[in-house]
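*Asks:* Hey, can you work out the whole structure from these sequences and the hints?
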Amino acid sequence: MKTLSIDTNVLVRLLVLDNPEQNAIVERLFTTNRFSVLWTVLMEAEWVLRKVFKADTRRINDMFRSMLIDELIEVARPDALTCALDLHSAGMDFADAVHLCLTDESMPFVTFDRDLVRRAKKLIPDASVELAQ
Numbered sequence: 009m010k011t012l013s014i015d016t017n018v019l020v021r022l023l024v025l026d027n028p029e030q031n032a033i034v035e036r037l038f039t040t041n042r043f044s045v046l047w048t049v050l051m052e053a054e055w056v057l058r059k060v061f062k063a064d065t066r067r068i069n070d071m072f073r074s075m076l077i078d079e080l081i082e083v084a085r086p087d088a089l090t091c092a093l094d095l096h097s098a099g100m101d102f103a104d105a106v107h108l109c110l111t112d113e114s115m116p117f118v119t120f121d122r123d124l125v126r127r128a129k130k131l132i133p134d135a136s137v138e139l140a141q
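The sequence shown runs 9 to 141 under this note's numbering.
Any given hint might turn out to be false.
Claimed, not checked - The calculated DSS-like cross-link candidates involving lysine-lysine, where the alpha carbons are at most 30 Å apart (straight line), are:
(1) K59 <-> K129
(2) K62 <-> K10
(3) K130 <-> K59
Since the hints were made in silico from the structure, they are not lab data. Predicted, not measured: the structure shown is a model, and the values here were computed from it.
*Replies:* Structure below.
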């Protein structure tokens, strides 16, 4: 079985099934291949699902969590996706959650975003998130 790296539009078709013609193509591809989902694709898909499809945080996280248990879908660092989805569920912006969960624990994450620092310290007390000064 071959592994395909998929674009955001393929992932969105797989998750929302809104276009019968493209859905049939995705279904055919999915029955004969594994899908590899890049982090950039996940971040763009979250935006598309939220802005275009008006999906709420819970629905988006449910869709993304379903990928973690599907043997035909690969995400690098699934532990980081679980971390990001947990933070997103707790109210953090998905992109911010991804940044924090993918950051090497040995280095501080620095930002000008005071709200991100506050939320991170509340949700991940041992995380090294600092205000840029």
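*Asks:* Which of the listed hints are broken here?
*Replies:* Going through the list in order, the structure violates hint 2 alone and respects the others.
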